[in-house]
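Enquirer: Can you build the whole structure from these sequences, using the hints too?
Here's the letter readout for the chains.
There are 2 protein chains.
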Amino acid sequence: MARYQVGIQTEARIIEATRSLLAEGGMEAATLKAICDRAEVRSGSFYNLFDSKEEAIIRVVRESIKAVDPDPQQKGTGTLDDLVAAYIRFFEEKPKVAKVYVMAALTGESSSNGARRRFLRHHIRRVERFGEAMQRADSSMTDDDAVVSAELLLGALDGLAFRWALDQEFEFSKYALLAAEKFA
Amino acid sequence: MARYQVGIQTEARIIEATRSLLAEGGMEAATLKAICDRAEVRSGSFYNLFDSKEEAIIRVVRESIKAVDPDPQQKGTGTLDDLVAAYIRFFEEKPKVAKVYVMAALTGESSSNGARRRFLRHHIRRVERFGEAMQRADSSMTDDDAVVSAELLLGALDGLAFRWALDQEFEFSKYALLAAEKFA
DNA sequence: ACACAATTTGAGTATACACTCCAAGTTTGG
DNA sequence: CCAAACTTGGAGTGTATACTCAAATTGTGT
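Chain order of the listed sequences is A and B.
With the first letter of the first sequence counted as 1, position 28 gets the number 28 in our numbering; the numbers rise by one all the way through.
With the first letter of the second sequence counted as 1, position 148 gets the number 148 in our numbering; the numbers rise by one all the way through.
Since the hints were made in silico from the structure, they are not lab data.
Warning: the hint list may mix true and false statements.
What the hints assert, rightly or not - List of simulated lysine-lysine pairs, BS3-like, C-alpha gap at most 27 Å:
no. : chain 1 : residue 1 : chain 2 : residue 2
1   : B       : Lys96     : B       : Lys33
2   : A       : Lys174    : A       : Lys53
3   : A       : Lys182    : B       : Lys174
4   : A       : Lys53     : A       : Lys33
5   : A       : Lys33     : B       : Lys174
6   : B       : Lys96     : B       : Lys66
7   : A       : Lys182    : B       : Lys182
8   : B       : Lys33     : A       : Lys53
9   : B       : Lys53     : A       : Lys53
10  : B       : Lys96     : B       : Lys53
11  : B       : Lys182    : A       : Lys33
12  : B       : Lys66     : B       : Lys174
13  : B       : Lys96     : B       : Lys174
14  : A       : Lys53     : A       : Lys96
15  : A       : Lys75     : A       : Lys33
16  : B       : Lys94     : B       : Lys33
17  : B       : Lys182    : A       : Lys174
18  : B       : Lys94     : B       : Lys53
19  : A       : Lys53     : A       : Lys94
20  : A       : Lys94     : A       : Lys174
21  : A       : Lys75     : A       : Lys94
Expert: Written as structure tokens, this is what we have:
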């Protein structure tokens, strides 16, 4: 772990290099050499700060998953529109992180089941949040209905995100809003 | 290219080995050694039948993309329900191929744009088919509306497929039908 | 200014990978 | 039954990869 300023800065450069490489070319592009070249660091320095390449990648992926969820603290408040708006904002403000997020689920083979399980846990938590927001808006909704509706809307949002990752010209926010109208 | 019976069988074993490895563990799992071991073939035989590992993978991916589209010949007929039903059937009947399909877009050779572009072309074709089916059901629909609706429904279906790839317990067909209902 | 821990360097290691080569074996049509 | 066409085994090649290490340099609290 970095103690001095230089070390902390180097660490940040390595993380940023890893993130941009993952966003541009997926796991395949994030080789140690590529990361070190982009961060302007020699491999020895890399291993002074990280135990393995995997560690750097996991940190980037974990951070990207976390970034999707706006303020997990504010549980129990917030409307469905807030949640959808937060998702849209995430894509507009942090496209690089967003792309890593979209890639993470399918590409996470590196740590085999670990990454996938983490992603699934995250998804389930999100379904709960969306479902609760839906129930708050319509108190006649059963728990089961809420889960089904939330799963449907989140599926649509993730599908549109996937579409955006394929082609950044795609107007994600426009379709995300339409999906919220249609599936809520 | 294989001419004799033995060669044709070996080729089939290699393709099947590649497909199952891709479905189980993504690109990372589909090493030459793993493919050859599973197909019970030595690397020399592999290269007698394929120019490269890439060729085998591309064939599997291409086949999986093709398998999603039911009878491209029947253009101009078929209802939206038929198209959705075909997509659902694809997941139920060919789960292995389906998983490769879901993985293909981002994970393929994420660096080489070839796979991504092919996937995008395929998606656009599908949006057209879905849009036409929607217009056939509601003749007052403009072309633009059809594209938007089709993009939305396909986004949802793909997102649910993505969800299924994460966790095969997920009842894909149930949610796919619910999504389709919203557009009826 | 000093001691010493943190950081950097860069050559070096081991390994896994895709791919080659060709002698020996098998299948096929005539 | 033969010869040509095809297939196979498996040792071997070159290369890219993640990772190590000891020595040199730099940052920090006192």
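Enquirer: Evaluate each hint against the coordinates.
Expert: Cross-check of the supplied hints:
1. B/Lys96 x B/Lys33: holds (20 Å)
2. A/Lys174 x A/Lys53: violated (37 Å)
3. A/Lys182 x B/Lys174: holds (17 Å)
4. A/Lys53 x A/Lys33: holds (10 Å)
5. A/Lys33 x B/Lys174: violated (46 Å)
6. B/Lys96 x B/Lys66: It holds: about 14 Å lies between the C-alpha atoms, which stays within 27 Å.
7. A/Lys182 x B/Lys182: With Cα atoms ~7 Å apart, A/Lys182 and B/Lys182 stay inside 27 Å; holds.
8. B/Lys33 x A/Lys53: With Cα atoms ~24 Å apart, B/Lys33 and A/Lys53 stay inside 27 Å; holds.
9. B/Lys53 x A/Lys53: OK: B/Lys53 and A/Lys53 at ~26 Å, within 27 Å.
10. B/Lys96 x B/Lys53: Within the cut-off at roughly 19 Å; holds.
11. B/Lys182 x A/Lys33: It is violated: about 49 Å lies between the C-alpha atoms, which goes past 27 Å.
12. B/Lys66 x B/Lys174: holds (24 Å)
13. B/Lys96 x B/Lys174: holds (19 Å)
14. A/Lys53 x A/Lys96: Roughly 19 Å separates the two Cα atoms, so the pair holds.
15. A/Lys75 x A/Lys33: violated (42 Å)
16. B/Lys94 x B/Lys33: Distance ~25 Å between B/Lys94 and B/Lys33 Cα, so the pair holds.
17. B/Lys182 x A/Lys174: This hinted pair holds, its Cα atoms lying about 18 Å apart.
18. B/Lys94 x B/Lys53: Given pair B/Lys94, B/Lys53 holds - Cα atoms ~23 Å apart, limit 27 Å.
19. A/Lys53 x A/Lys94: This hinted pair holds, its Cα atoms lying about 23 Å apart.
20. A/Lys94 x A/Lys174: Given pair A/Lys94, A/Lys174 holds - Cα atoms ~17 Å apart, limit 27 Å.
21. A/Lys75 x A/Lys94: Answer holds: A/Lys75 to A/Lys94 is near 23 Å, not above 27 Å.
Of the numbered hints stated above, those contradicted by the structure are hints 2, 5, 11 and 15, listed in ascending order.
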